[in-house]
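Keeping the supplied structure of chain V fixed, place chains A and X upon it in accordance with the hints.
Protein chains in written order, with the working numbering: chain V, 1 to 621; chain A, 622 to 1072; chain X, 1073 to 1530.
Hints are not guaranteed to be accurate.
Unchecked claim - Derived, one-sided and incomplete: chain X residues facing chain A with beta-carbon distance under 7 Å: (1) S1222; (2) W1325; (3) R1383.
Simulated from the structure, these hints should not be mistaken for lab results. Because the structure is a prediction, the values reported are computed rather than measured. Glycine included, C-beta positions come from ideal geometry on N, C-alpha and C.
Each chain, letter by letter, is given below.
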Amino acid sequence: MGPRKYLASYGETLSFRRKLLLVFALTVFFTVAAVSLIVSALARRAFQKADEERAAALVSQFRNEFNRRGADVTKRIDAIATSDSVARMALSVSNGAPDYGAYLNEAKTIADAQQLDFLEFTDSEGSIISSAQSPARFGYKEPAIAGLSPATGLFLKKEELADGIAIGMFATKAVRIGDKPLYVIGGRRLDPSFVASLELPAGMRVLLYQNVESAFSAKALSASSGALLEPEKLAPLIERAQRTGQETSEILHWTIDSADDEKLLAIPLKGLANEPLGVLLVGSSRRTYVDLARRIRSAALLVGGAGIIVSILLSGWIASRVTRPVEQLAAAARQVTEGKWNAQVDSKSSDELGELASAFNRMTRELVEQKEQLVQTERVAAWRELARRLAHELKNPLFPLQITVENLLRARQQSPELFEEIFRESSATLLAEISNLKSIISRFSEFSKMPQPQFQPVQLNDSVRAVTRLFQAQFDNREKGTIECCIQLDDHLPTVPADPDLIHRAISNLVLNAMDAMPNGGDLTLRTSHDANAACVEVVDTGTGLTPEECARLFTPYYTSKQHGTGLGLAIVQSVINDHGGKITAESEPGRGTTFRIRLPLKHEAPPAPIQTSGMFKQIS
Amino acid sequence: MKRIAFLFLAVSSLCLNADAATRPHYGRTLRVSLLARPTSLEPIQSLAPTAPQLAELIFDTLVSLDQQARPQPQLAISWSAEGGNRRWQINLRPGVMFHDGSPLTPEVVASSLRAANPSWQVSANGDSVQIVTDAPNDTLPAELSLVRNAIVRRDSSGKILGTGPFRVNDFLPGRKLTLAANDDYWNARPFLDSIEIEFGISPRDQLIALELGKADLIEIAPEQIRRSTADGRRVVVSRPIDLFALVFTRDRQSAEEGRLRDALSYSLDRASMRSALLQGEGDVAAAILPLWISGYEFLFPAKQDLARAQQIKSGLKQSSPWSLGYNANDPVARLMADRIVLNAHDAGLAVQVTPNQQTDLRLVRIPLVSLDVRLALRGVALAADIPAPAPGGTTLDQNYQVERSLMDSQRITPLLHLPRAQGIGVTVRNWQRTPDDSWDLESIWLATEKP
Amino acid sequence: MSIIWQAPTISTHVAGTAGFSIPGIANANRHRPTFDNGSSFAIYNSPFSFMSRALSLSRTALCKLLVIFFLLLGSAVAGVDWTQIERDLSAKIAGANGPGAISLDLVNRASFGKGELDSIRRSLITQLSTLGIQVVKPDQAAAVVQVSLSENLQDYVWVAEIRQGTSPATILMSTARRATAPVLPSAHAPAITISRTLLWSQETRILDTAVVEVSGAPGYLLVLDGTGVRVSRFESGRWREEQFLPVNHVKSWPRDLRGRLVLRKDHLFDAYLPGVICSSTGGASLGLSCRDGDDPWPLSPDLSAFFTPNRNYFTGGLSPGIRQENSVAPFYSAVPVPKANYTLWVFASLDGTLQLVDGVSKQSLSGLGFGSDLAVVRSTCGSGLQVLASSNTDNATDAVRAFEIPDREPVPISPLLEFAGPVISMWTENNATNAVAIIRNLDAGRYEAYRLSISCGQ
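So that you can see chain V by itself, here it is in the shape it has in the complex:
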C-alpha cells in the first residue's frame, strides 16, 4: 500500500490498534510522569534541606578553622613574647632609646620563623622598633597601640604596605621588663593565600573583599580559588553586609547553568574601632545539590522514558494480540467490500472475537450465496430487461414493417393499380425501418465493441472547447428554446494521461445527455478544475433533473429515462472514465438540473480490476 493511499485510507481515522496503543501509552505515560514528578519534588525538597544543612556545616567548619587560625596567631604571639630575643629587646626599650638598626630585621626573622605575615614591636608610646611587614617604618607610630586594652584578644586591622592595603588578623601581647612595656603585635594577612591555606571542605571557597575605596571595586576582591568572572555580581551582597554590619547570605547565579550557583554568606570584617575593613564571603557551591537533582531528574526521565517505551512496546504487543482478530475481521470485511465475498477469518480463539470471526465467516459465506443468487437474479433481470429493450426496440420498427407489408398485401389484393405507388411508398418505409433496425443493432454492437484507451497527455480544456464547438450549432438551432452554454475553464489545468477521442466522446455524451435533459432550453455549464491528484470536468445542466432512483440507475446500461435512446450513453461514459482510472459522479435534484463530475487522475495508473459486475456486462454485450 503506498503512502498516499495509506493516508487516504487511514489518515483521518485511527485504527483500533492505535487507539488501544494510545490509550495504553497515555495511561502509562501519565502514570509514570506523575510518579516521577512527585518523587522528584519530594527528593528535591529533601536534598535542598540537606544542602542547606551542608552549607551551614561548611560555614561552621570555616568559622572553626578561622578561629583556629586566630588561636594559632595568638599562640605564636605569646611564644614570641616569651622568647629571649624579645626579652632583650624589651630590656633595651626599658633602658631608653632602642637601636633601630640592631632590630631592623629582627621582626622579619622572627615572623618568618613563626610563619607570621605581620609582626611589629613597639615601645609603650607606640613607636615601631622593628617591623616585619614594613621594615623601613621603624620610629613611626603604630596607631593600633592606642586602641589596645589588656582585654583585647584577636582583632582585625588594616595595614598599609608598600604594595597596597592589607587586612590582617592580629593578636598582641605586652612584654613588661622594667618600667616600659614592649608591645608585640603580629598576625596573619587575610589574603588569597591565607584563605587558600584554610582547610576548607570540598565545594567551599572563601572570598575576601578589602575596603580600599568607598565604592565597590572589583580589584579589592580576591578569591581563595577559582577565577572571578563577574565580580560585580557580588557588589550588592557586599554593600548590604557593609551597610547593615550583619552577616547576610544570598544565592548567586553566576551563569545560566544552575550548577554554577553559589550560596554566599557575607561576614563583615571590622577593626578595633568597629570600622569596616572588608567582607569575608564564604561561598558554598550548589553544584553538588544541582548535580544530584539533575541526576535524579535524569534517572527519573530515563526510567520514565524506558518505562514508557517498554509499556508502548508491551501495549503494542498486547494491542496487536488483542486487535489481530479484529484486524483480520476488518481486512476480511475490506475484502468483502472490494468484492471478495468469500473472505474468511481464522478463528481459533473461543472468546467473543472468536465468535465474531465465526459469525463473520458465516456471514460471508451467506453473502456469497446470496450474492450468487442476486447475480443470478440480476442476470435474469438483465436478460429480461435486454429482452424487453430488444423487444421494445425491435418492436417499434417491426410494427410499421408489419403494417407496411400488410398494406402492400392489401393493396395488391384491393387496388393493384395503386399497388405500384403503394409499393414504392411502402418499400421506402420498409427500407427506412430496416435501416432503423440496423441502426439499433449497430448501437448495441458499438457498445459491445468499446475500444481500450490509448493514453497520451490530454488537455481537458481543449477537449471541452472541442465539444462545445461541435455542439454550438445545435445549442443555438433548437426548436424549443436555446441552450446557453457557459464554459468555465481552469487556466492552470494540467494535462492528464487519457485517450483524447474517448474523452471527447464521453464529454459529448454528457453534453448530449444534458441537451436531452433540457428540451425547452436552459443553461449548460462546462467547468474544469483540478486538485493535487486529479483533474475534474463538470457538466451542469438546468434540466429536468433526476430522482434518486434514477440517479442510482443512471449508469446502468440500457437504462434510460428518455423516450428515445438506447440507455447506453452514460454507460459508455462510465466505461470510458473507468478505463481511465477515473470516477464519474452525478448530483441531481428533480427540477433543478443535474451535475455530472468526472475526476481523472493526473498520473496514469492501471485501472482497477473490473468488478464482476462489468464481467456481467461483457457477458451481456
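Relative to the frame of chain V, chains A and X by itself:
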C-alpha cells in the same frame, strides 16, 4: 719565678696569636668571590664599571693618586704641561713589558689613551706621549689615574694585555677569572702565585665560602659589616667612598617643582637611614662628596627639617606622585626607598616606589671614581646623568662652587656616604687599607693556617 | 715650561718638605695610597750622642736623650704657624662683612686640640679687631660668623660662614696639613728590657742600616733601600745626608725586598740584595759597584747562606755549612747561639717553625710565637747573649722580644717591645751588640730603622 712569669707571657702571646710568621710568604692562590659578572676584560666597558679593583690587578695606569690624592708616577715617571695646561708631555717608564713580553711604547700608550678619550689628541713623541686637550685641563694627571685610562694593548688576536702585577691565565666571561703573578712585573712580583676570582656569587654564598675557607676574599655589604664583625669575621672597611643618592631623572620644570624638591630634601631622615638601615655604617651625606675628600661638606644641609618641608609643601600642589625607582637587587635600596616614601609622606609629598625603569626619581649608589674632587664630581655627574661641570680651576673655592652648582641643579639629593667592606680569610696577610678601596692584592700574601 | 713633577733622585725628607716615593722601588706599596693619617713631613732624627759609645748605654744617658728627643719632637709638632691663614681669613671676613659687631663661633671638624682651638679663636678675634670688627655675644651681633676648621685629604680647610640678613656668604681657605707625630710608647724599665733608638726614617722601604764609627764615634750612617745606599754624616747632632749611591740592577726586585749591609775592613761595606751584590768603592768619594750574582749572604763571620734571587728567603744552602750540615730547610733568618763546644744555629723557617741545628742533630720547634726575623745581641745581662725575635702577630702593630735558649728551648726573658707597625726586617749588627729592626710605621706611613739593644734591669 721570673722564668715562670716569662713562660706565662709566652703562652699568653701564643694563645692570642697562633698565626704564621710575619715575613711574607710567596706562593699560593687567593680565592676571591664577587657578586659582579664582568663579561669582558675591557677596562672601560666592563671591568671598570663592574669590578674596578680587578682592572687594577691586570692593568696599570700612567699615574696613581696617593693617599692625599696627589698624582704619583706609575707607568709615567714624569709629566709636564704647556700652553696653559692644554698640552701635556708624559714621559714613560722605561723597561716596562706587557704580559706577552712586548714593550710598553709611547705608540701603544697613545693608542690606548685615544681609545679611552676620543676628545683628546694623543700622540707618541719620542719616548714620551703628548696629550692635547680642547681646554686647559688642570686635572689631567689625576685623570690618568682613573681605571678607565689604564694602558691596554690588544695583540693581533684581539686579546687584551696589560702591564699589571697579574696576567690573565683564564677568563670565563661572567663566571671565573684566573690570574697568575707577573714574574716580570716592573714594580716587583706579587707574593701570590695566582688569584682565582669567581663571579656572580651571592652575598650569602660568599659568606658561606669564607666561613668554609673556600674563599679568602669576599665582598661585604655595608649593612652587613656590623654583623660580620660581631660574628668574628675579619672585615676590612674603607672610608665612605660610595654615594647613596636620590637622582631626579629630569631637570625641574618650574620654580614650584624646585620647591617641592626642596621639601623632599628637607623631609629626609638621613640619620635614621644611616643608623638603622645601614646599621650605623657610612655617614649622612649632605653633599656629593664626603667631608674627608672635600673638607666642606657641612656647608650643605642634611638634617631632617620636617616642619620646613611641610611649610614649603603647604602652599604647593604636587601634580602627580613621583615615581621612585631603585635597584631591585639591592636589599637596602628597597628599604631606603620605603623610608623615603614614608618621610616624603610626612611632608605631604606623594612618592611611589616602583620597579619600573622609567621613573621620576631614582635611588642610586654611585661609587666615587677618584679621590680628586673634580674628577669625583664629574664621575658622579656622569653616573647620575647630570650635565658634567665645566672644567676650571681646582682651588678649594672653585671645587666648592662646582659642587654647589651641581647641588643647586636639584637633580641630585645626597643621602649617605657608604664605605666598602671586604671579608678576608684568616690566612690573608698584609691587607692594605686604601682610602679609595682599591685592592692591593699584589702586596698581600697567604699564611699557612697551622704552622 | 713648568715642571709639574719630576721623580727625585734623592728623597727630600731631610729638607722637611713633601717627599715622594721613588719609582722603581720594590716596596710593597706600589704607590697606591694606603689609608692612614700619615703625613709627608719628615721626622728629624735626634742627635744621638750616645752613638759614640760602642757598648750599651747607661740609664741616665738614655733618659737625657729621650728628653731631648721629645723636646725636638714637640717643636716639630707644635710648630705649625696658623698666623697667616688666620690673618687671611680675617681679612676676607672683614671684606665680606665690613666693620661692625659679629658673633664668632668656632667649630672643630678636624683633629684640632681644645687648646689649639682656643688659640685660633683668640688669634682670629685679635685679627678681626685690627680690621675693625668687634666680636660680641650673638644677641648683640649684626652678623653671625661661624668658622669651621675642617680637613680634606690634602689640607686643613677653614670655612667662614657669614650670616648677615638674607645674604649669607661663605669663605673657603686651605692650608697644608701638619705631620702626625709617631707614637712612641713610654719607656719603662723592668728587669731585662729591649731598648731602641730611632736611627732613620724615610718614606721608602729601608732594608738595612749600618753605623760606621769613626774614631769610636758614630760617623756615618748607611741606609740601604731598593734604590741604593744613602750615606749620612753625623753633624750637629743630626744625620745629614751626604751622598746617595744608586744600586744599578736590571731585573726588577721581588716583593718584600730584603737586603743586607755588611761592613768590611778592606772597603767600607758590601750590600747584598737578591741576585745583586754591591761593594763600595773609592776613598774620599764613595762609589758603589754592583754586579749580578748569587753569592751567599753572610749570616755570621763563619757562616753564609744562599738567598733566593727572586723571593724573600734563603734557599737553605749553607756555606761552608754547620759541621756536616750544608743545607737546611729554606728560612727567613738565622742566628748563631754559641754554646760551650759548638754553635747552635736557630733558623726561622718559612712554615713558622724554628729549626735548631748544631751540625749533628736537627730539632724543630713550633708554636712558640716566633716571627720570621731573628737577631742576636750580646749584653751584660742573663747569659750574655739574647736572641731577639719578632712576633708572629698579624696585627697592625708588631713587637720584639728577647729570648735565651739554655736547653734548646727558647725562654722569653723580656717583655714585648711594641712598635707602631710590623717589623719588616731585623739584622744583627756587625759588632753583635746591637740589632737593627726596620719598622713600617703604620701611623706615620713611613719606614723607621731602630737600633735595638738589651738593657739590664735591677
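Here's how the hints hold up against the structure:
no., hint, result
1, S1222, "holds (5 Å)"
2, W1325, "holds (5 Å)"
3, R1383, "holds (5 Å)"
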